[in-house]
Amino acid sequence: MSRLVKKTPSLCTDLPLDNSDICNKLHLLRQLLRSCFGPTARLKQVHNNIGGHVVTTSTSSVLLPAISSSQPFINLIKTSILNHVSRFSDCGLFAAILCLSLIEQAKQSGLRGNVAIGMNKHLLGLCTNYLQREDCGCKVKLDFCSSQNLITLARSVISSKPACVLTEPEALHISKLAVQAFLLTVPCNSQGIVSLGKIVTVSVEGHAVLNSAVFPGLLVDMHDVFCLNKVDHLHSSPLLSMVLFSVSLAGDLSELGDGVIEVHPGVDIDSQILDQLLELGKQVVRDEVKLFVCQQVIHPVLQQYLRSHGIIVIERLGITLMEPLTQLTGAQPVATMHTTIPAKAYGKVRDLSIRQFGSKTMLHLHPPVESAICSMILCHRNETMLSELKVVCQKTEHVLRLTLREPSALLGGGCSEAHLAAYVRHKSMNEITEAVPALGCSQTEYLLGVEGFCRSLESVAAALEHDGGNALMDLTHAHYWTHRPDVMTENMEESLGFCGCGLVESSPNQKWTYLNTKYPEFSPAALSRDVAVQPHVLDSFTAKLNALQVAVETANLALEVRYLIQDLN
Amino acid sequence: MLPVEHLPLDHVLQTVSVLESVVLRSFGPEGGQVLFTRDTGQAMLSRSGTRILTALRLEHPLARMVVECVLKHSTVTGDGSKTFIILLSSLLQIIHTMTCKELNVSHNYNSREAAKASTARHFAEKMLAFALEELDDLIASGVIPYGYHLSWEDFTAKTHLPAHPNNHFVQKLLASFFHSRLGRTHCDFISDLTCELLTCWKFKAQPPSSSLQFLNDNLAALHTPVSGFPISCSRLIDGQVIHRDFATPCPRTEHQPVKAVVFTEYLQPKLLSAGQVLELGCGEQGWRDNSRKKRSIVQFSAWSEKSLECVIANLQSLGVSVLLSAVKQSAAVLALAAQAEMCVVECVSEDELSLFAQLSGATPVSDCWVIELEHVATLTFCRPILLGAHRYVHVGFHDSEDRVTVKPCSLVICGSGEGQTDQYTCAFRDAIRMLLSTWEPMGMTATPASKRTLQSNNSTSLHMDNQITNAPPSQQCVLESGCVIPAGGTFEFLLNHALLQHGSSRSVSDYTIMSAPAVSQLLAKALLSVPRQIYSHSPLGFLQAQTRLLTFIKNHSHRFNQVYKQEHNTIIIQGRGGRECPLEEAKLTKHCCGEADASSNFFMSDSGLESVSCKYQLLLAVLQCLSCVLHVDTVLHTHTALPQSRRLANLSWEGTEDETED
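Line order of the protein sequences matches chains A and B.
Each residue of the first sequence is one higher than the last, beginning at 1 in my numbering.
Each residue of the second sequence is one higher than the last, beginning at 570 in my numbering.
Be aware that a few hints might be false.
Unchecked claim - Straight-line Cα separation of at most 20 Å, SDA-like style, residue types lysine to any residue; simulated pairs:
1. B:K875 x A:D252
2. B:K875 x B:L887
3. B:K875 x A:Q283
4. B:K839 x A:E262
5. A:K198 x B:Y961
6. A:K107 x B:E599
7. B:K839 x A:K107
8. B:K839 x A:D252
9. B:K875 x A:H338
10. B:K839 x A:V263
11. A:K121 x B:C756
12. A:K344 x B:Q908
13. B:K875 x A:Q272
14. B:K875 x A:Q276
15. A:K344 x B:E878
16. B:K875 x A:R405
17. A:K344 x B:A909
18. A:K198 x B:L956
19. B:K839 x A:S248
20. A:K121 x B:F758
21. A:K121 x B:S801
22. B:K875 x A:T340
23. A:K282 x B:Q868
24. A:K121 x B:L887
25. A:K511 x A:S495
These are calculated hints, taken from the structure and not from any lab test.
I would like the entire structure built from these sequences, with the hints used as guidance.
The structure is reproduced here in structure tokens:
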């Protein structure tokens, strides 16, 4: 029984959102996250007080866990966003900024809590319905016949993480690799339930990013290089036989139980077990196995025996590579030492080759038939950038996988948010007579609620600009534009160029308005689908839709809080 | 000398008022959530009164006693913890003012305090006695005629007869419960989901309460919390979700049907169990306790592997392809099972295994040498399912004869964080408890006889949907199962009215301060504090609601009585059937409403419904707690280094006269 400790009473705060200290903290968090948003974001260095690694990042999944606060409000929002990120990998900052803006707008508008919550929920419904419609003006259907859109999607994810420090061609190269690896994991001919393969990532420090590559098959670390010369001989044979052990072959007995063992003097248990291991080795040699892999440690004597018979031995494979390896070779892991290994437990490898990446020597196992396992070598100049790149590649892979469920994407670069805000303004004005009684609020409250919601959406788009430029929106398609303050020209349209997603080019007869200012509501026109013009920036549809829902739901939760109890134990 | 703290009435009142002020923030339609951090630092949100009160970690022994009482009440009914505190506080307030009025100025301070305390105690006792004796009759005559009755068909009819007007009763009851628990935005969605769940889990040949009881017992195994998704993604899925992943590569082929076996023990025999001694020699050794020939260690482990192979071969001959295990199996088991094309799920929790056994009808294997056909469960599918971050095992069951209408299904509860899914799960559990106590009011034991008659009637009756599974009204007409009343203070207004009338009818004979009429008036006054809090954002609304209801009672009391009498007549007439038709009553009530003026819309308004029996239990619990609280006069703070056993006893202290604290 643990010691009985007297519990201290909890700390209570009444109406926490009226507390200026808490509001300031929320505002600060918003400023912090806002500055990390988008491709031109400002990076953050995270380092702890005991001299650990310094992490440079702008990714929400790395940044948010590093922010620790005693304020439960911050933690509530943080965990919500992190949960979203862990499911969808993308749009974490979008959700966080939107959520915090919604809270701030609701406080500023002075609406009663329940009215603001009802409004937010109603407007979220408008947004999700619109986004799921066929004729949604900010949605793009993904075409799997060409990799163009997939690469754009991947590049948007990769270039939105400036901590990777990639040049334009490097970002394109990594995007292409990510799409290539993703396509390799989709099995070509399988009926019924399709299960995707796996990308095994190997990171190599100190090499140029352009050396990164993707290989079908599996790359396994070689711990010693004694057998390198043997590998060359193996190329000729058609299919190599291999065996995979999932138990330790070091000569220990794990399943003994709790009893006591008495050993008579003169008995050498070790040698008895070793004899048994060598029996195993003999069978393997008889069955003409060429590759012997063990998840755990192999007894050195057994290793030596196997090597002397020309078998390549790999030990300490690790649990993570077990599943890809069984999928690749068709081998079934063996865990018995006394029974003969059944023939079907052996796996097959088409080819073996040695690959050298910097200091790493890897054995490349080629799949016997087409398989959905591939390896990705990621190179970067230093460790910080490499770790960020690794995170980004995993996210990209996840985002690409999400497209299989819902083959669409949203226009990126702030255009979707601006477009959505314009749509919500227009739609809610049209529906005002029906919606007001249904929501049980007054017309003024309704207008205030709409204004707060749309401003929050627009402020997310405006958060993409960090260099003091002006955020603009055109009044035909409601796309997002930035106007750099240092460029001074006569005509505005010359300095603007293209909109955020790159679909609309500025023309003299277009009109713009500054974001977060009053403008007459209008119905944003959908673009004529011109095949020649492809968007330059795309966001994941599934991730953004969920982020939108999570942001509004979390903001509603926060607005509903009337009392705060902090357990101080 | 021990530090002694006297507990005058003022202090008690103060303590409870503080609790009330906390609870009020999340009470009623305008109430919000309370955000609290656990001692682990995790942020949680809740509107549940019990959660809030426990999170306060109160120090004052009296407050702790009150919280204890609330907890006990709400574990039974799953509802009413906030109302508990509000009622208690208002009762104390009223008693306090009464005792102050009573006092003679002649007393000196000490005796005045003592007199106050004793008067208060008397009040509390009288109230409790009054409530125990007469409250049920009052509710029966004053409240129940205005309510509706749920029928078990309500739970299920929704899908079959969407036009049926009474189907929404259960849905409404749940909606108002979730409104008070989770807030307005999601209450409709969640209550629909609960109705669906109840529909799926309806046992055909059994009373509704058994189905609710089953859900209450198995909710832990039947739900899967998934964080990172909006709540609108919550849904029901067919079959059962086992909250573990496959330990071996999952099945590739879609064999139909899938055969599964449940194990509770290790498949591979342990070489040595505790207490045994293995003696090793050079090949001539053996078990000391059964003196076999002596062998080497290698032979022992070979024997163990051989026996495992035999078990696997036996399973293979039975066509088994899924092994569910309560414990972690050895690597050899996994490897051999994989080679035999079976998949293994390890470390399945006991609850889930027992639910699985119940649903599949197969018995778990305890001795792996004896595996018979009765141990083999037949499933329609067994496949991996990805819910949030985790991959689980999803199994589907064949329809068996005894549960033709039961569709086994599990609940997936989505929320943006762990705290939210937790909150939703608690709300679900409490909603089921609330329904259960609506169905089986306190003191009413299930009567198998009536159930049997019901089933026989079911087959012959023409009015299938008008039937109600109910206990015979003869034994306890007060708390018929499934009685509900419109929410929003209706119960309190009605009971207040009934109590006042009850008081005035007797006040002629004897009017002393402690008389029963006085007590009932006090209770009536205290009851009004609940609707007053509900309408706290608009005091005018409170008065309007009250007048509306009172005029309604005045206009229709006659007719209602008639209805009620008619009802009883019908009961007497069909006395042998042992049931009544409360739905008819409900229809009549509605009929009256239809004729009445606009004010009667009160009954038709969509303010939701609440359970009468929960309210009745709540009142009793509050009064018990009140008398308990008022009986304490002193707190002794002891400082003893308690031995461990006494510490434990101390932890589970009850509302005794003197509290000790270490």
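Go through the numbered hints given earlier and state which of them the structure violates, listing their numbers in rising order.
-> Hints 7, 16, 24 are the ones this structure does not satisfy, whereas the remaining hints hold.
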